[in-house]
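K.L.:
Those protein sequence lines, which keep their order, are chains A and B.
For the first sequence, numbering that gives the first Met the number 0 begins at 0 and goes up steadily by one.
For the second sequence, numbering that gives the first Met the number 0 begins at 0 and goes up steadily by one.
Mixed in with the good hints there might be a few duds.
As the list claims (entries may be wrong) - Taking CB as the label site, the calculated pair distances span:
no., chain 1, residue 1, chain 2, residue 2, range
1, B, K591, A, T122, 38 to 44 Å
2, B, K397, A, T122, 36 to 42 Å
3, A, G82, B, G610, 47 to 53 Å
4, A, E116, B, R630, 52 to 58 Å
5, B, K543, A, G82, 41 to 47 Å
Said to hold, decoys possible - Heads up, simulated DSS-like pairs for lysine-lysine below, C-alpha to C-alpha not over 30 Å straight-line:
no., chain 1, residue 1, chain 2, residue 2
6, B, K134, A, K2
7, B, K323, B, K175
8, B, K555, B, K196
9, B, K288, A, K2
10, A, K81, B, K508
11, B, K709, B, K508
12, B, K65, B, K110
13, B, K508, A, K90
14, B, K560, B, K546
15, A, K2, B, K65
Derived from the structure by calculation, the hints contain no laboratory data.
Note that the coordinates shown come from a computational prediction; the quantities given were computed from them, not determined experimentally.
Where a beta carbon is used, it is the ideal one built from N, C-alpha and C, also for glycine.
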Amino acid sequence: MAKHHIEATVNGDAVEFLCETEDTLLDVLRDTLQLTGSKEGCASGDCGACSVTLDGRLVCSCLVLGCEVAGRKIETIEGLAKGETLHPLQKQFLEHAALQCGICTPGFLVAGKALLEKTLDPTETEVRYWLAGNLCRCTGYDKIVSAVMDTAAAMRKG
Amino acid sequence: MGETNGHSQANGQHYVGTRQIRPDGADKVTGRARFGADYNLAGQLIGRVLRSPHPHARIVSIDTSKAEALPGVKAVITRQDFADQPSEFIPAGEMMMNYKDVVRNVMAREKALYEGHAVAAVAATSTAIARRALKLIDVKYEVLPHVIDVVEAMRPDAPLLHDDLFTVGVEPKPEKPSNIAKRVEIKQGDVAAGFKKADLIIEREFKTAPVHQGYIEPHAALATVSEDGSTELWTTTQGHFIVRAHCARLLGLDIGKVRVTATEIGGGFGGKTVVYLEPLAIALSKKAKRPVKMVMSREEVFKASGPTSGATVRVKMGATKDGKFVAAFAELKYQAGAFQGSPVQPGTMCAYAPYDIENVHVIGYDVVSNRPKVAAYRAPGAPISEYAVESVVDEIAKKLGLDPIELRMMNAAHEGTKAAYGPKFGPIGLEETLNSIKKTEHWNTPLRKWQGRGVASGFWFNIGGETSVSLTVNEDGTISLMAGTPDIGGLRASLASVAADELGVSYDKVRPIIGDTGSLGFNFLTGGSRSAFSGSMAIVEAAKQIKAELCARACKLWEAKPDQVEWKDGAVRPLGALAEKVKPMTIADFAKVSGKTGGPIGGVGRINAQGAGPSFGTHLVDLEVDPETGRTTILRYTVAQDAGRALHPAYVEGQFQGGAVQGIGWALNEEYVYGTDGKLQNAGFLDYRMPVASDVPMIDAILVEVGNPKHPYGVRGVGETPIVPPLGAIANAMENATGIRFTELPMSPPKVLKALKEKGLNKV
């Protein structure tokens, strides 16, 4: 069967690509569009390292097919910083040392940003449950949760 | 934080001991950092591995002809592509490797020894074609009986994995082969006499399940081999020099022809200290004459890499009625997986290391069974044996009506204690960690019904080892720092802080990179909690050379004698009368005139780091058991550990917190589940359940700093000790919550519920 021709928007840029039916959005992002910031940790939606937003909704890109995203808007870790300015969450992750190896970091940042778009006043429990779809094996989550809470507090103040 | 160290900058700034932003941070929060699977080369092929579906089978024949004929397939490799290796332990870096086993683990030869054992590999123009090709490889197996459990594997009638494996360490030498590779033993004093003095003797048997390191990044390798044999490899590893040694040996290459670059590494915890895909990718590339990229799936990671041993441990301890430990015995049986080499030796040595006990006897067995070969996992072997000991220590406290912290304090190893495994300890911080825990508000907070509090201590040796770094002063006075141990959790930040303090430059003027194997002398791997310890020591050496060179250059420029200049506070300073004539010169001043004063400026530190100070820790945990479901919730957690000196306190805390949560997973949920068919039933993150953010509370970290006198900054390794105490602390808390002494890990909800039911306690 011929490949699918798909047009979509990634981080505000119009993109078009060809993909096989079985190619996931993660395959397309990493292998076709060379956006390797989204990581594959499990390919089964259990680790969250491939988190992106699809029309504003947080998804595991390993559970979305490439041919499903026609005409849709995708935001990845590569679109988080604006120009030379890091997103406040990225800054807080650095200041809190909320990453050790860094492989899960893109997924946590995309997921954390999605939470902050819903609420700037999450409780610690809300942060922990929102991020429960993202695995981190290095940090024990302490500094990640603190970084998200502190970002929310700073953004509340404006 | 700790005292100042005498190294400071012209402006008096110190970076060591402060929380600087990591130099590789921006790349890691923007998705720019390149991990193992993020590397690609033009024209690359995709490599995939065919794995054994059987836990134990003789490989009668492998027919690859159909796969080779498939369009798009460029190379197929099997056991025939690797020369056999003699059975002898030879050094690879500081590890002793038996390459007869290594070559068989990367590619099965006579037999497949576990489900997931590599049997063949292909390289093709696409993943889809590679997958199809694997299905066309015809392997004829003669399925053999298998054995999974360690105790069953030790029986004389157990299915035999290796017919040439004779137990080492027993007299007389056994006449028949068995699955027991080795018996190890440590002895101090007279245990029988010691037990005679005891008022209380407690003996218990414990079991732990194998657990995986659980790094989020699967193994990945990209290799390209030229016609002249020059080989380049990019791989996610804790030690690219070790990968080079292994690949050169397995493929008959000169070490100098193999250049290995360590990509950013997405977690390792010991599991990325060995080779799996690397030699296969090189062999495929050599055959196909094109670059070959290989990445494991998560299922492959579970079935064919890691884990650490499951074990059976018997502990017997004797104490006087006052609580003094007078005798301690233990017998450890550790699973090695399909090839010998479980961490039973360190398990044996660590078991009683936290305590000052006159009479100690520990025996360990290294046992093979039809499971993936174990790999190191954070303080390899120690969490298992120390879990069992800490459980019995807690029971002694209970029986004697003593406070568990007081009991530990009374028996704690301290400066001058001779450890049962050999050395006499220098200054160590176990007592300080116990004291800090005792002083916490946490220790003194009341608990409710179904809640329990547990405490446990832990020990890990730490190592130093061969280390090579370079410092280069650039034309503008900035510093290029090159280290050869992969940065797995903030190493660059720690080393840059040390270099900045040593040379008196700003932290942000130091750019640390991890050099490839062609850029530096040999480096042992990132492991043994050695990289910050040894790396900072090597940087001090390299900086010393730079400072001496600059003093010499200043003497030439100022026409002065060596005793008229000194390096102090970030500059070469003129002394005495000379100080009236010339101004001090900083690194940046020398950089401007380097061409005129002797050429490029730099230093290399090439050391075999000695004097790694052991790190002790004590953990405190509160938990609550749900009697209806058997589920355990961790309510509160405090870690106190001796860091010697924390180069970067935030990353040291991170080690404490991460290790504690890995330990929580080990204690409560994680385990390899096998069916009677010998196949792993939970090879995915859904069924192998590691802790997520909602499973754990904040982890309070107390940095204890009892300086290590053998290190210029007082540093001790910190990475491994944090995973040692959680198992015991949580088991002790479970006992306090339920009244039940659990002796089997994990204490998963079904197991806890069953135990509660047996006691009639499962009613709310």
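K.L.:
So, for every hint listed, does it hold in this structure?
P.N.:
Status of the hints after comparison with the structure:
1. B/K591 - A/T122: 38 to 44 Å: For B/K591 and A/T122 the Cβ distance comes to about 56 Å; the hint is violated.
2. B/K397 - A/T122: 36 to 42 Å: Since B/K397 and A/T122 have Cβ atoms about 37 Å apart, the given range 36 to 42 Å holds.
3. A/G82 - B/G610: 47 to 53 Å: Taking Cβ atoms as reference, A/G82 and B/G610 lie about 48 Å apart, which means the hint holds.
4. A/E116 - B/R630: 52 to 58 Å: violated, 32 Å
5. B/K543 - A/G82: 41 to 47 Å: holds, 43 Å
6. B/K134 - A/K2: Cα-Cα ~24 Å, so holds.
7. B/K323 - B/K175: violated, 43 Å
8. B/K555 - B/K196: With Cα atoms ~73 Å apart, B/K555 and B/K196 exceed 30 Å; violated.
9. B/K288 - A/K2: holds, 29 Å
10. A/K81 - B/K508: Holds, at about 25 Å.
11. B/K709 - B/K508: holds, 28 Å
12. B/K65 - B/K110: holds, 22 Å
13. B/K508 - A/K90: holds, 20 Å
14. B/K560 - B/K546: Status holds; Cα separation ~16 Å.
15. A/K2 - B/K65: Distance of about 27 Å is within 30 Å: holds.
Checked against the numbered hints given earlier, this structure breaks hints 1, 4, 7, 8; the rest are met.
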